[in-house]
Amino acid sequence: MESTNLSIKLWPPSQSTRLMLVDKMTRNLTTPSILSRRYGVLSKKEAEEDAKQIEVLAFATASQHFEKEPDGDGSSAVQLYAKESSRLMLEVIKRGPTAKEDGEINILDKIKKSHDNVFDISGDPRVDISAEDALKLLNPLKDPGYKYTKICFSNCSFGLDAAHTAAPILSSIKNQVTEVDLSDFVAGKSETDALEVMNMFSLALEGCDLRYLNLSNNALGEKGVRAFSALLKSQRNLEELYLINDGISEEAAEAVLELIPSTDRLKVLQFHNNMTGDEGAIAISKLVKNSPLLEDFRCSSTRVDSEGGIALAEALGTCTNLKKLDLRDNMFGVEAGLVLSKDLSKFSDLSEIYLSYLNLENEGSIALANALKESAPSLEVLDMAGNEITAEAAPALAACIVSKQFLSKLNLAENELKDEGAILIAKALEEGHGQLYEVDMSTNSIRRAGARCLAQAVVNKPGFKLLNINGNFISDEGIDEVKDTFKNSPSLLGPLDENDPEGEDYDEEAEEVDNNEDELESKLKGLEIKH
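Numbering (our numbering), first residue to last: 3 to 533.
Zero decoy hints are in this set.
Listed next, the in silico DSS-like pairs over lysine-lysine satisfying Cα-Cα at most 30 Å (straight line):
| hint | residue 1 | residue 2 |
| --- | --- | --- |
| 1 | K85 | K70 |
| 2 | K467 | K375 |
| 3 | K47 | K85 |
| 4 | K176 | K235 |
Hint data in this document are derived by calculation from the structure and do not stem from the laboratory.
Using the sequences plus the hints, can you model the full thing?
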């Protein structure tokens with residue numbers, strides 16, 4: 003007679019077993035002990051809530067472990083379940099009670115994440131951090147059982163007393179930290195206090211080997227940049243640096259260039275929304291030139307004119323790994339656009355390019371479109387809004403668009419493409435472009451024929467989400483046609499509340515164009531767009 007080996011599976015535990023564990027942890031959390039005398043005893047209600055959350059987290063961790071050993075009996079998962087429950091319960095005990103009066107802010111609610119090597123206190127609401135708050139919030143950083151590598155203090159406001167408390171704690175872990183986010187952490191403080199707080203944090207973190215540093219939204223200016231001198235001077239392996247909305251003037255940009263000893267490994271550099279100007283852009287261009295691994299460069303809304311734009315464009319020529327380029331909302335002009343077009347052939351991995359509101363005009367736009375056509379085969383986002391582009395540049399743009407079959411978002415808003423340009427763009431989008439989900443052709447003096455062609459070109463694209471043709475001169479009949487085209491998917495058509503059926507300069511000539519728009523559409527759609 004054959005014997006049968008019966009194996010007993012220990013995982014997953016029954017629902018009753020899980021409930022028993024919750025009950026046991028609730029009792030432990032509400033029972034006075036040596037630790038509770040130090041950190042406080044939880045109320046029964048709070049203990050029950052914490053115990054349920056602990057059990058869910060521990061169960062999820064153990065279940066993931068069990069999935070990796072499906073042939074086992076589950077004993078190791080059970081051990082992990084118990085171990086993780088004990089660890090999380092100890093965390094709660096050390097955290098102490100958090101119950102509060104109605105309307106009272108509990109500082110511990112600021113903690114968004116304090117596990118998986120991430121310590122994040124950027125949760126809402128934003129509050130002024132006192133010394134006592136800092137001690138409570140940063141207490142987990144002192145636990146030797148955790149090796150946090152990323153810290154985020156954004157959306158807080160540290161005063162001098164809080165900084166004095168935080169500094170030695172940060173200093174004690176600086177050898178393990180590789181990512182630091184100090185964005186928006188001195189809001190509302192006087193300049194004198196803010197600079198002193200920055201200096202204390204800088205000294206505390208001096209010498210840490212960072213890969214990521216975010217100092218955005220701190221109104222730094224040159225003084226603020228220099229307040230971080232100790233930290234910046236010790237960074238030789240930075241891969242990501244963010245200085246967004248920081249008052250980065252010419253002098254501040256030069257200070258950044260002076261203080262950071264090496265950008266050899268830099269992959270992300272972002273300077274959005276600053277008052278950098280041409281001289282500041284020249285300093286930034288030197289950083290860029292010394293960052294051969296750069297993949298993501300953002301220097302948008304930085305008041306840069308032609309001279310600074312040319313310097314940046316020339317420097318970008320060394321960044322052959324570039325994947326994302328955002329230069330929006332500057333005054334580069336045609337010449338800077340021509341210089342940039344000479345570099346685009348080097349960006350074979352480019353996936354997103356934002357060149358809106360740069361005063362490129364037709365000449366600069368045509369040069370860039372021609373260059374993009376021959377490069378960046380996997381381009382997903384093309385943004386050239388607000389560049390005074392007319393129908394003259396439409397053939398070059400259309401040819402570029404035809405070659406970008408991975409395009410997901412196209413923005414040519416606030417130009418002067420009119421029907422002639424719109425029809426060519428629509429024709430370019432007709433075939434392929436299966437990943438396209440958004441097209442913005444708003445405010446382009448488009449009339450009935452152009453609107454109809456654009457609607458027909460995109461309405462059946464799989465995954466398409468939005469066509470924006472608002473702010474144009476589409477007749478009432480044209481609006482009806484477009485809406486009829488989208489009758490089965492009206493949510494894909496953006497609002498038309500700013501459309502002007504008569505047009506701001508409607509006259510006899512415009513009326514004649516409308517009367518002959520079918521003929522115009524027929525002629526233009528018959529043109530071949532050269533690939």
